[in-house]
Amino acid sequence: MYLIESFDSWEAWGTFSLASLWRDCYSAPMADGQDRVNTSSTAGADDRALLRAVAARDKEALRQLYARHSAVLFALALKVLSDRAEAEDVLQEAFIQVWKTAGSFDEGRGKPLGWLIMLTRSRAIDRLRSRKTRTRATESMAKDASQTAGSTTPADEALASEAQRTVRNALKSLPPDQRAPIEMAYFGGLTQFEIAQQLSQPLGTVKTRIRNGMMRLREMLGGAAGKGEHSS
Amino acid sequence: MTHEIFREMLPLYVVGALDGDELNGFERYVAENRERCIAELAEYQAVADQIALTAPSARPSPNAYDRIAAAIDEGKRPQPAAASAPMAAPAPRAKPSGVQLGAMFVRLVPWAAAAALAVVLLNLSGQLQSVTSQLQAKTDAYNNLVDKNKEQQGGLADLNSRLEAQSKEFSGKIDQLRTKNIEQQHDLDALRAANKQLSDEKDGLLQTANRVREQLEQQNLQTAALQKKMDEETSSLDLFMDPSTRVTPLADPKGEGKVVAKVYWNGTRKTGCLVVSNCSPVQQSQGKCLELWAICGSEPPVAAGMGWTDDSGHGEFHVKLAKDMACIDKFAVTVERAGGVPSPEGPIVLVGQ
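Chains as they are written, first to last, in the working numbering: chain A, 1 to 232; chain B, 1001 to 1353.
None of these hints come from the bench; they were simulated from the model. A quick note: this is a predicted structure, and the numbers were derived from the prediction, not measured. Ideal placement from N, C-alpha and C gives every residue a C-beta, glycine not left out. Some hints here could point you the wrong way.
Claimed, not checked - Not everything, but these chain A residues come out facing chain B in the computed CB check (under 7 Å):
1. 66
2. 70
3. 74
4. 88
5. 96
6. 110
7. 114
8. 164
9. 167
10. 171
11. 182
12. 185
13. 191
14. 192
15. 217
Using the sequences and the accompanying hints, generate a full structural model.
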């Protein structure tokens, strides 16, 4: 719904199609529409090359990185915070951090998208922990997880990328009592002890369910790891 | 921490569920065993990163990047979006100059605008219909998947609850068996201790029994010896008490020694006894013996028994003739080789009539 609303020019409507909508799912549009025009020497470069360029103070590289991943990162922050304004603040902080510390990214330790997710999630969790309403948010998360349908709508599923659908299906295939603590930890920033308290379950049970759920996810997504990464 | 525990904590770590000492211990182990842990950590981290993709799709406002770019240019943090001005409004269009437009253009503008609008609306209508139908198809497929997933989730939940119930039941049984096993182990230990004590007592009793048996055997031997001696004493006493027993004193034929000897002979019973005192010791260990001879007239002496003295020179032995004799006139004692001889060879040490 939000994607459709973001097309605010006749040119965009003129080139609009469902296929292009899905293909561009990860790419946030620039205010000036430059996300569809690559004029820099970094055009078409993979994420690692873009990060190296950012480390060399290439603003265009940062813009491309933003265009590729801001949608996923913003959705993550919004899922954690349930507040668009705060989610945008987190997104901005994360990309400013990328601009400042891109040179410290260790390519041997993981993929750039994983690093961006870590930066965004940790900032969102920090904000969430400072809220008084955090408990209500995580309780809502536990309730969502206990329901089979989850928190995404049919329209959202239709607009999701292949990678997103694969991961969502994998997560939804987990039993609710395994999915709930995983989402409470990942999106709610709760520790195992806090989860056990909120679910009124023994700590050992919570540990076992998170462990079993993650092992199951690894089996289902092991081969798909990295599909969410954009490359040239 | 062991690597096995590291692997158990790994899924909890990547979703951020670890805390406190467990988190510190985990990170310390990874720092100390980086080479061994890094691949497994990266594998699970990649799985956790994908969870981010399950967040409902959303996009930031179009001018969000402008604030980032501005902050980078200014070298400071951006203004919070919540406090910043709302999305920039489109720039106001320049007002057309009415002086420069011709009267013909003014007349054609409404028609041209209407025609363009009609074309655009037609194009939009077609595309929206296509998108709507595709969305409907996707929604139907999604709903089918959701229904199927619900069924599978229900089955999985039942299976899971049954497994949990069985797990609890087995855990209870295992605990009971463990408790019973511990009790039986204690009983077994007590029985082993009692068995060892009984075994020790049995060994002690066996040793005591052996000592008693040895003492009994010695006493039996002593009793037998005493019985034998008593029988001999009784026999001697009977002999001595018999009125028909004749006593013959024996003396050194040279009349030099202090030897005192007597032969008690009962001619009816054909038996008798020689008693020697104050004699020079004649012992078997010397290879010698005292041998008694009975003499009848001028006939050759007949062997009548042999014996030895003790260290004090006292000796007693039975008299038993080697053959019947018509009479006995004399008794003589000689010193012979141990075991005796058929006829006297050694010196006569005692003689009596």
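Comparing the hints with the structure gives:
| no. | hint | result |
| --- | --- | --- |
| 1 | 66 | 5 Å, holds |
| 2 | 70 | 6 Å, holds |
| 3 | 74 | 4 Å, holds |
| 4 | 88 | 4 Å, holds |
| 5 | 96 | 6 Å, holds |
| 6 | 110 | 6 Å, holds |
| 7 | 114 | 4 Å, holds |
| 8 | 164 | 5 Å, holds |
| 9 | 167 | 4 Å, holds |
| 10 | 171 | 5 Å, holds |
| 11 | 182 | 6 Å, holds |
| 12 | 185 | 4 Å, holds |
| 13 | 191 | 4 Å, holds |
| 14 | 192 | 4 Å, holds |
| 15 | 217 | 5 Å, holds |
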